[in-house]
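Protein chains in written order, with the UniProt record's numbering: chain A, 1 to 176; chain B, 1 to 120; chain C, 1 to 363.
Read the hints as simulated data drawn from the structure, not as lab findings. One should not assume that every hint holds.
Claimed, not checked - Quick list of the computed label-pair ranges, beta carbon to beta carbon:
no., chain 1, residue 1, chain 2, residue 2, range
1, B, LYS36, C, LEU316, 45 to 53 Å
2, B, ARG59, A, ASN31, 40 to 48 Å
3, C, LEU96, A, VAL27, 46 to 54 Å
4, C, LEU38, B, LYS40, 31 to 39 Å
5, B, VAL88, C, LEU316, 18 to 26 Å
Cβ coordinates follow ideal geometry from the N, Cα and C atoms, glycine included.
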Amino acid sequence: MDLPGPIHDFLLVFLGLGLILGGIGVVLLNNPIYSAFSLGLVLVSISLLYILSNSYFVAAAQLLIYVGAINVLIIFAVMFMNGSEYYKDFNLWTVGNGFTLLICTSIFGLLITTITDISWYGIIWTTRLNQIIEHDLISNSQQIGIHLSTDFFLPFEFISIILLAALIGAITVARQ
Amino acid sequence: MFLLYEYDIFWAFLIISSVIPIFAFVISGVLAPISKRPEKLSSYESGIEPMGDAWLQFRICYYMFALVFVVFDVETVFLYPWAMSFDVLGVSVFIEALIFVLILIVGSIYAWRKGALEWS
Amino acid sequence: MIIDTPEVQDINSFSRFEFLKETYGIIWTLIPIFTPVLGITIGVLVIVWLEREISAGIQQRIGPEYAGPLGVLQALADGSKLLFKENIFPARGETLLFSIGPSIAVISILVSYSVVPFSSHLVLVDLNIGVFLWIAISSIAPIGLLMSGYGSNNKYSFLGGLRAAAQSISYEIPLTLCVLSISLLSNSSSTVDIVEAQSKYGFWGWNLWRQPIGFIIFLISSLAECERLPFDLPEAEEELVAGYQTEYSGIKFGLFYVASYLNLLVSSLFVTVLYLGGWNISIPYIFVFDFFEINKTYGVFEPTISMFITLAKTYLFLFIPITTRWTLPRLRMDQLLNLGWKFLLPISLGNLLLTTSSQLFSL
Numbered sequence: 001m002d003l004p005g006p007i008h009d010f011l012l013v014f015l016g017l018g019l020i021l022g023g024i025g026v027v028l029l030n031n032p033i034y035s036a037f038s039l040g041l042v043l044v045s046i047s048l049l050y051i052l053s054n055s056y057f058v059a060a061a062q063l064l065i066y067v068g069a070i071n072v073l074i075i076f077a078v079m080f081m082n083g084s085e086y087y088k089d090f091n092l093w094t095v096g097n098g099f100t101l102l103i104c105t106s107i108f109g110l111l112i113t114t115i116t117d118i119s120w121y122g123i124i125w126t127t128r129l130n131q132i133i134e135h136d137l138i139s140n141s142q143q144i145g146i147h148l149s150t151d152f153f154l155p156f157e158f159i160s161i162i163l164l165a166a167l168i169g170a171i172t173v174a175r176q
Numbered sequence: 001m002f003l004l005y006e007y008d009i010f011w012a013f014l015i016i017s018s019v020i021p022i023f024a025f026v027i028s029g030v031l032a033p034i035s036k037r038p039e040k041l042s043s044y045e046s047g048i049e050p051m052g053d054a055w056l057q058f059r060i061c062y063y064m065f066a067l068v069f070v071v072f073d074v075e076t077v078f079l080y081p082w083a084m085s086f087d088v089l090g091v092s093v094f095i096e097a098l099i100f101v102l103i104l105i106v107g108s109i110y111a112w113r114k115g116a117l118e119w120s
Numbered sequence: 001m002i003i004d005t006p007e008v009q010d011i012n013s014f015s016r017f018e019f020l021k022e023t024y025g026i027i028w029t030l031i032p033i034f035t036p037v038l039g040i041t042i043g044v045l046v047i048v049w050l051e052r053e054i055s056a057g058i059q060q061r062i063g064p065e066y067a068g069p070l071g072v073l074q075a076l077a078d079g080s081k082l083l084f085k086e087n088i089f090p091a092r093g094e095t096l097l098f099s100i101g102p103s104i105a106v107i108s109i110l111v112s113y114s115v116v117p118f119s120s121h122l123v124l125v126d127l128n129i130g131v132f133l134w135i136a137i138s139s140i141a142p143i144g145l146l147m148s149g150y151g152s153n154n155k156y157s158f159l160g161g162l163r164a165a166a167q168s169i170s171y172e173i174p175l176t177l178c179v180l181s182i183s184l185l186s187n188s189s190s191t192v193d194i195v196e197a198q199s200k201y202g203f204w205g206w207n208l209w210r211q212p213i214g215f216i217i218f219l220i221s222s223l224a225e226c227e228r229l230p231f232d233l234p235e236a237e238e239e240l241v242a243g244y245q246t247e248y249s250g251i252k253f254g255l256f257y258v259a260s261y262l263n264l265l266v267s268s269l270f271v272t273v274l275y276l277g278g279w280n281i282s283i284p285y286i287f288v289f290d291f292f293e294i295n296k297t298y299g300v301f302e303p304t305i306s307m308f309i310t311l312a313k314t315y316l317f318l319f320i321p322i323t324t325r326w327t328l329p330r331l332r333m334d335q336l337l338n339l340g341w342k343f344l345l346p347i348s349l350g351n352l353l354l355t356t357s358s359q360l361f362s363l
């Protein structure tokens, strides 16, 4: 990204703030529909962060799949539950919450230690070199396509089988 | 990298277009009159008193369509880089994508037969 | 290390100069952005006026007449009237969601203008995922509609929002697959590349001739995405009053109104770019090129002509959606979904496979 430093930092802080506030909103808001909408905020901020780091194809895919499809699905589901008055009698603090808290804290600690351990300079230089080599020939998303259909041929086909299984499973569950 | 100069314009455009609604709200907040009456603020229900909560339970079909949509959306995302690298790779890629699409067509035929695409 | 004072001063002044240059650069990037925003606004006003005039013509009425010559200022008058109207928040609604909903609808459509090319250099951002970004950004819009439908706390609004979201997701897949076929033909998703791939054979090089099925599917699904008749189920007056906009008044209603026309404009701009050859004049055997060669030295003339051609094609195309509005009756919900999932989706998949195999032979 070649934005002037301060603007870049400002955007980074702003998007990070959106991300954190949205995440807190998802967990803490009482109305599940508000939670679902703030999940949308989180996903949009993540996608904008991808754009900020120049991986725009991933950003567009994030917007299309997570915001456009999965978040809409979640909102539908929550609205559906909302009508049936299912959620209204739940305790504020259950065993599951404590368990989740434990897992999340441990993942957070693990990430922090990993981030401080990695030598980022090495990674930056190798990726920069690769970018310079590959950038002249073809665009970013073209590279994704080429890798997808040569090196990752089998995973590519497995994805379609997984999608098929997901479709069949979802239909079977929803029909009951 | 100077090649990526255009992204600042993208950000500026994004910021400006998010400012536009706020700007509109502010202008109309200054200009518009305010006169609150209870009848005016009640929600519209063809002229009679609103009955019950509006957040009613709707049919599950909406949810089914969204489910099928997620699957096809993921599929198209994977097909995009494939389409852009098609001229580089040729026949083998075509067969791969054919298998990919055919498996999903099987899925959509299943959804069709099971009535997931039915609005009944 | 010893540094002389003049050198330090030099460095200081240099950094101040850099700062000035940065500020100047920011201002310089803002100007070419405000111009398209202004242009887009004028474009929307023109569409509103066109729609009123054409509708009047179809129904043998006179149409707007008093505001300005031929009523051209009517749309502007309508818009400024909405600014002066009271903003009513329904008492039982959720105020926050109620306000954010229309904003999301407008922003998500406005941002997608950034990839529309008006000339080979007159494009805000020439990303190499151009059209894909358009599809991705426009898929946010249903969330805004769901938000406003929920936030109104009105049965009509709620059902309208749900319907809008369901309709939008049903027609997005055929639309995406059509765009996919186009980007397969031009081996790129960049909007500039797509137009340039059509520039070879003049009129006959348009993607319209290579993708007739795709064009029709794109037309139908973009009408559905814009919620225009015959697909205006989310705001069907007889059943849902005004759908998700029932409770809206004043400028918030205005935002929805603007969003729907912005969406119409961007769809027809994309029809021009994807199928009708974009900024190319596309008339073979007329030697406009000599004409261009003369004027190339000035540099301003060519972008202006290109922009004029793009806009002319776009507005000529707009006659189709506007006349369709007064020609076809509204569909039923089950017919709408059947059309999307059981007709357009298989056909657009078939179209994609057909395009792929024809590309295979031309390799």
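Verification of the supplied hints:
{"no.": "1", "hint": "B:LYS36 with C:LEU316: 45 to 53 Å", "result": "48 Å, holds"}
{"no.": "2", "hint": "B:ARG59 with A:ASN31: 40 to 48 Å", "result": "22 Å, violated"}
{"no.": "3", "hint": "C:LEU96 with A:VAL27: 46 to 54 Å", "result": "18 Å, violated"}
{"no.": "4", "hint": "C:LEU38 with B:LYS40: 31 to 39 Å", "result": "36 Å, holds"}
{"no.": "5", "hint": "B:VAL88 with C:LEU316: 18 to 26 Å", "result": "37 Å, violated"}
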